[in-house]
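Chemist: The listed protein sequences derive, respectively, from chains A and B.
Counting from 1, one number per residue, gives the positions in the first sequence under the working numbering.
Counting from 1, one number per residue, gives the positions in the second sequence under the working numbering.
Derived from the structure by calculation, the hints contain no laboratory data.
Do not rely on the hints blindly, as some may be mistaken.
Stated by the list, open to error - Computed beta-carbon distance windows for the label pairs:
| # | chain 1 | residue 1 | chain 2 | residue 2 | range |
| --- | --- | --- | --- | --- | --- |
| 1 | B | Thr465 | A | Ala118 | 54 to 64 Å |
| 2 | B | Ala42 | A | Ala221 | 23 to 33 Å |
| 3 | B | His59 | A | Gly145 | 43 to 53 Å |
| 4 | B | Asp188 | A | Glu170 | 47 to 57 Å |
| 5 | B | Arg309 | A | Asp225 | 41 to 51 Å |
| 6 | B | His59 | A | Gly246 | 49 to 59 Å |
| 7 | B | Leu354 | A | Ala73 | 14 to 24 Å |
| 8 | B | Ala62 | A | Gln178 | 30 to 40 Å |
| 9 | B | Arg302 | A | Gln178 | 48 to 58 Å |
| 10 | B | Arg6 | A | Glu170 | 43 to 53 Å |
| 11 | B | Thr465 | A | Ala73 | 28 to 38 Å |
| 12 | B | Asn20 | A | Asp225 | 31 to 41 Å |
| 13 | A | Asp225 | B | His59 | 50 to 60 Å |
To be verified - If we take Cβ atoms under 8 Å as the criterion, some of the chain A residues that face chain B in the derived model are:
| # | residue |
| --- | --- |
| 14 | Val27 |
| 15 | Arg35 |
| 16 | Glu57 |
| 17 | Ala58 |
| 18 | Ala66 |
| 19 | Ser69 |
| 20 | Gly70 |
| 21 | Gly177 |
| 22 | Val202 |
| 23 | Gly209 |
| 24 | Ala239 |
| 25 | Met261 |
| 26 | Gly269 |
| 27 | Glu270 |
| 28 | Pro272 |
Unchecked claim - Stretch-level coverage of chain A by chain B, calculated; a stretch enters the list once three of its residues show a Cβ under 8 Å from a Cβ in chain B:
| # | region |
| --- | --- |
| 29 | 71–84 |
| 30 | 91–100 |
Since the model is a prediction, treat every value here as computed from it, not as a measurement.
Heads up, the beta-carbon is just placed ideally off N, CA and C, and yes, glycines get one too.
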Amino acid sequence: MTDSKPVEPAAATTTASAAGPRVALLVTCLVDLFRPPVGFAALRLLEQAGCAVTVPEAQTCCGQPAFNSGDRATATRQARFMVEALAAEAVDYVVAPSGSCAEMIRAHYPALLANDRAMAGRARVLADKTHELTSFLVDVLGWTGIAARLEATATYHDTCSGLRGLGVREQPRRLLGQVEGLSVRELSAPEECCGFGGTFCVKYPDISGRMVGDKADDVVASGADLVLGGDMGCLLNIAGMLKRRGSAVQARHVAEVLAGMAEETPAIGEGPKSAPG
Amino acid sequence: MHVTSRAFKENVRGAVTDPNLRQSLATMKTGFRANRAKAVAALPEFEALRDAGKAIKDHALAHLDYYLERFEERVVAAGGHVHWARDGDEACRAVLDICRAHAARVVTKGKSMVAEEIALNQALEAAGIQPVETDLGEYIIQLRQELPSHIIAPAIHVRKHQVADSFRAHHRQFPADRPLEEPRDLLDEARVVLRDRFLSADVGITGANLLIAETGSTIIVTNEGNGDLTQLLPRVHIVVTSIEKVVPTLEDAATVLRLLARSATGQLMSSYTTLSTGPRRPDDPDGPEHFHVVLLDNGRSRMLGSEFRDALRCIRCAACINHCPVYGAIGGHAYGSVYPGPIGSVITPALASLEEAAGLPNASTLCGRCEAVCPMRIPLPRMLRNWREHEFARHLAPARVRWGLRIWSLAARRPALYRMGSGVTARLLMWLGGRRGRLSWAPMASAWTRVRDLPAPPPGGTFMTRFRTMQGQRRSRR
Ligand code: SF4
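Construct the complete structure from the given sequences, taking the supplied hints into account.
Modeler: Encoded structure:
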């Protein structure tokens with residue numbers, strides 16, 4: 001930590017103040033663009049759990065598109081940028097509604113910036129403070145205050161980076177168990193990759209299509225009317241396949257349900273017209 | 001090493017629409033995966049066993065030259081010969097020289113991935129020597145003139161009725177109307193056919209799962225017992241293997257074998273574990289008169305000094321392949337290499353060249369399941385990414401990708417520009433999505449929309465825009 005000076009969150013905007021832990025929300029680029037309600041659901045959950053949440057304004061994307069394409073130089077530049085943008089020194093935690101982005105920061109930023117004298121320490125600080133949303137609520141806060149209701153049968157897709165990179169498996173299920181009216185039915189292969197894989201899904205659409213086709217089959221076979229997950233990439237993929245097939249099964253980010261916001265926005269890939277009812 | 005991975009994309013297209021292949025792969029997923037899971041659950045110390053196995057191989061690799069020389073000494077002391085082969089050509093030549101010296105016309109073969117790697121059958125045939133595969137799976141694909149599609153179940157892509165068709169076409173000596181519906185019928189017929197070959201072979205060739213430095217022994221594991229007959233009956237036994245297979249002691253080998261069977265098939269031990277130490281001694285009841293070991297390098301010593309070193313711990317159990325969702329979608333042949341799946345995508349570029357195999361390291365979602373099940377804790381996703389980095393550095397990645405990343409990177413470090421771009425994109429997608437909330441076709445995203453719809457963002461703009469508006473309202477209310 002020799003080179004890390006506490007940095008003021010230059011342009012962070014703050015929600016209602018509370019005495020609890022200070023949390024910076026890493027919105028993630030996919031939530032920002034494709035599913036803003038997930039960001040608001042995360043905000044609500046964190047505030048319900050007693051956190052003072054800020055949304056660092058300069059944040060963009062964690063850099064996975066470059067990192068997983070083999071462009072290490074660009075990924076390193078992006079990591080450096082995000083370490084500055086998230087200014088973790090000024091908060092207690094950084095939380096993302098995504099296992100994939102949280103894992104990128106936790107597992108890979110310290111290595112990417114290891115040789116950068118000015119940034120290595122700060123990258124480690126950020127990595128240590130960064131958590132995926134459901135595991136933050138359960139493992140770090142031990143919070144059990146879910147106040148949501150939804151009459152539905154849901155199934156849960158374990159997203160790869162969250163599951164294998166961060167050990168996110170029981171946490172979302174435990175929280176979903178507190179949602180009134182909701183029952184959860186397991187997939188036959190909840191841990192099987194859905195075939196998103198970042199740029200993989202557009203580099204190899206045939207393989208990706210086969211994989212997400214199998215996932216859609218599994219979702220439909222579960223008999224659930226709602227499929228949940230913790231990563232927007234996977235959810236866009238699964239929802240896209242379900243909708244292409246004309247399935248009525250809805251897809252949502254788990255945070256939407258946990259925050260009691262599932263009825264405020266049409267499901268992923270559905271418009272006001274295709275929403276049931 | 002001969003690879004056809006350049007045609008990966010075309011191969012994939014055929015594979016994903018092949019109904020027979022789909023059936024076979026579905027059986028594989030339920031079979032291999034469930035069996036491994038059961039075996040692992042039944043052994044509380046499995047994780048500790050993994051650590052022990054990894055440590056054994058790491059130690060052997062750190063002193064590879066030492067242990068290989070000890071191994072050679074012991075083989076020679078037992079009356080055998082060791083042939084060092086830098087590449088596939090040298091290895092094939094060593095085998096052919098031995099065969100010629102013994103005037104061999106027919107050789108039987110146990111299952112050996114190294115023999116597949118160096119295309120030994122082709123070399124033998126070209127020299128007028130007939131290779132006969134004795135592992136049932138290898139025998140089937142030899143009849144069908146195919147390459148293996150899986151490293152422990154070479155004919156996993158072949159359905160039962162297809163095997164029956166091949167047998168009827170090749171085994172003309174039997175009545176045409178014999179029943180071949182049951183696996184048992186097929187097995188029995190193969191047995192009868194192969195029995196003759198075992199007895200007529202001049203040379204038997206096997207691979208090795210492990211080499212033991214302290215004893216000079218080679219080990220094979222099989223479930224059919226064909227390996228024993230291959231190496232005991234002919235006058236000459238040739239072991240075709242590679243340098244990373246050596247472990248220091250018999251004890252070490254036992255540890256690795258416990259991991260191997262559980263990870264591969266969920267067995268506690270394979271049905272047959274056979275050790276060979278030199279040729280037959282005067283008081284031995286059986287065994288070959290001559291014993292040769294061909295030790296292949298073929299790029300492995302180069303890997304030793306690179307970031308791909310960890311892949312040399314591989315014991316070819318196929319757990320990573322059995323759990324790979326990409327392999328599960330396309331099968332083994334599409335890879336265009338005798339080593340498919342995650343481990344294949346890591347070692348094929350090293351054993352052949354990155355130019356020939358550049359598609360392979362990219363054909364992964366990096367889901368991490370391979371590393372999670374690998375008994376040797378090989379960081380396969382990390383190495384797939386390493387290959388992508390080499391590819392990027394050597395400008396093998398398509399220009400489209402490079403430019404895309406460059407533009408993305410410029411914007412991603414300029415928040416104002418980035419917000420403008422995402423704002424425009426959000427509005428465009430929302431507009432195109434219309435009241436359906438999704439797009440069946442999108443500009444620049446046809447690779448996405450060819451197989452699935454693209455969900456559109458809901459109305460209201462990006463999160464950052466909305467959040468800022470909300471903040472402004474909160475503030476002005478105060
Ligand atoms: S990489 Fe690991 S899991 Fe794959 S074959 Fe080798 S040892 Fe088995």
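Chemist: Does each hint hold? Answer for all of them.
Modeler: Against the structure, the hints:
no. : hint                             : verdict
1   : B:Thr465 to A:Ala118: 54 to 64 Å : violated (32 Å)
2   : B:Ala42 to A:Ala221: 23 to 33 Å  : holds (29 Å)
3   : B:His59 to A:Gly145: 43 to 53 Å  : holds (51 Å)
4   : B:Asp188 to A:Glu170: 47 to 57 Å : holds (50 Å)
5   : B:Arg309 to A:Asp225: 41 to 51 Å : holds (50 Å)
6   : B:His59 to A:Gly246: 49 to 59 Å  : holds (57 Å)
7   : B:Leu354 to A:Ala73: 14 to 24 Å  : holds (19 Å)
8   : B:Ala62 to A:Gln178: 30 to 40 Å  : violated (51 Å)
9   : B:Arg302 to A:Gln178: 48 to 58 Å : holds (55 Å)
10  : B:Arg6 to A:Glu170: 43 to 53 Å   : holds (44 Å)
11  : B:Thr465 to A:Ala73: 28 to 38 Å  : holds (31 Å)
12  : B:Asn20 to A:Asp225: 31 to 41 Å  : holds (34 Å)
13  : A:Asp225 to B:His59: 50 to 60 Å  : holds (55 Å)
14  : Val27                            : holds (5 Å)
15  : Arg35                            : holds (7 Å)
16  : Glu57                            : holds (7 Å)
17  : Ala58                            : holds (5 Å)
18  : Ala66                            : holds (5 Å)
19  : Ser69                            : holds (6 Å)
20  : Gly70                            : holds (3 Å)
21  : Gly177                           : violated (25 Å)
22  : Val202                           : holds (4 Å)
23  : Gly209                           : holds (3 Å)
24  : Ala239                           : holds (5 Å)
25  : Met261                           : violated (12 Å)
26  : Gly269                           : holds (3 Å)
27  : Glu270                           : holds (5 Å)
28  : Pro272                           : holds (6 Å)
29  : 71–84                            : holds (count 6)
30  : 91–100                           : violated (count 0)
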